[in-house]
Amino acid sequence: MDAITFYISGILSVIAAVVIVTRRNPVYSTIWLVGFFVTISIDFLILRAPFLAVIQVLVYAGAIMVLFLFVIMLLNLQPDELVETVTRRRKAGAALLSAAIFIMLCAAISQSPSVGGAAPLTAPLPAGHPLAEGSDTVAIGESMFQRHVLAFEVSSVLILIAIIGAIYLAKKRRPAAPLRSASPASVDGVRPEGALEPHPAAGHAERALAAEPVGARHP
Amino acid sequence: MSLAGALYLSAAIFCVGVYGVLSRQNLLIMLMSLELLLNAVNLAIVAFGRSFLAAAPDDPSGPQVLVVIVLAVAAAEAAVGLSILLAVYRKWRSANAGEIDMLKG
Chain A
1 MDAITFYISG ILSVIAAVVI VTRRNPVYST IWLVGFFVTI SIDFLILRAP FLAVIQVLVY
61 AGAIMVLFLF VIMLLNLQPD ELVETVTRRR KAGAALLSAA IFIMLCAAIS QSPSVGGAAP
121 LTAPLPAGHP LAEGSDTVAI GESMFQRHVL AFEVSSVLIL IAIIGAIYLA KKRRPAAPLR
181 SASPASVDGV RPEGALEPHP AAGHAERALA AEPVGARHP
Chain B
220 MSLAGALYLS AAIFCVGVYG VLSRQNLLIM LMSLELLLNA VNLAIVAFGR SFLAAAPDDP
280 SGPQVLVVIV LAVAAAEAAV GLSILLAVYR KWRSANAGEI DMLKG
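Sequences listed follow chains A and B, in order.
First residue of the first sequence? That's 1 in my numbering, and the numbers climb one at a time after it.
First residue of the second sequence? That's 220 in my numbering, and the numbers climb one at a time after it.
Worth double-checking, as some hints may not be accurate.
As the list claims (entries may be wrong) - To be clear about the criterion: a stretch of chain A counts as covered by chain B if any three or more of its residues have a C-beta under 8 Å from a C-beta of chain B, and this derived list gives those stretches:
| id | segment |
| --- | --- |
| 1 | 15-22 |
| 2 | 33-41 |
| 3 | 78-90 |
Note that these hints are calculated values from the structure, not bench results.
We treat Cβ as the ideally placed atom computed from N, Cα and C, and that holds for glycine.
In isolation and in its complexed conformation, chain A is listed as follows (with noise of 0.2 Å):
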């Protein structure tokens, strides 16, 4: 039963990440990228990983299709903007090296000798095993937030830079300042070759300069 599904939505993924690259709308590239999402969380299911079944579909289906719909309907792009100018030759070629990887992938899959003596997928789970006497999520926290806490720690960092990069990015910028008549030893920090030590008082002006904001002397 377990092995029927698992080749039922393989072949419906499949078919919907080919419907995915194909589409010239990505409106309906985003539709078909939830069902896409859906069977790789029944695979998951079947692997019995139901925790990230779940998370699967909260934060792919869930967040980041909305985050593509999103900017879908911000961009709100013509019919006539979805033109695309690839060419025959183009296409082929990314089909045969794709092809090629797909080939050589296979070839090493069948030929590795850890695949081929490793255990069914469907073998009964071990005695201690955290799905045998329950639940995994209990398990799969303690992995994390014990044994890969540094790991858990760097993912949360780069979240955080994620953040600040995609608001730094996606705002909207104003007019650029007009520039600032100083000296120009104060424009960027780096003095003019002969300019050694600025005289105290000097020196004083320029921290004084940098340290008022630019919105305040030019609104």
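With the hints as your guide, set chain B onto chain A.
Positioned in the frame of chain A, the structure of chain B alone reads:
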């Protein structure tokens, strides 16, 4: 249903994603193809973890923690990628990778 079957499925999804990144010019669909790539890798990680449970009896959830972290990276990538797309669209009025060729020699 064996580990090899899951890995073949993962390889197929990955290659469709590679084709999408290479053959499309719409930046949105290129980003979606990147999501396909990440999902294919996640599937392979979970299948390996399910199959090699006996290899790490004291940490059976390790692969799933790795997948959660890949998920966080994917979310960060989607957020930054889409905001770059917005900035590009503001400047060039186009979301087509073929028209953004300022760096072309």
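Right, here's what the structure says about each hint:
1. Chain B is given as covering the segment 15-22 of chain A, and this holds because 4 residues of the stretch bring a CB closer than 8 Å to a CB of that chain, at least three being needed.
2. As drawn, the segment 33-41 of chain A meets chain B at 4 residues by the rule of a beta-carbon pair under 8 Å; at three or more, the given contact holds.
3. As drawn, the segment 78-90 of chain A meets chain B at 6 residues by the rule of a beta-carbon pair under 8 Å; at three or more, the given contact holds.
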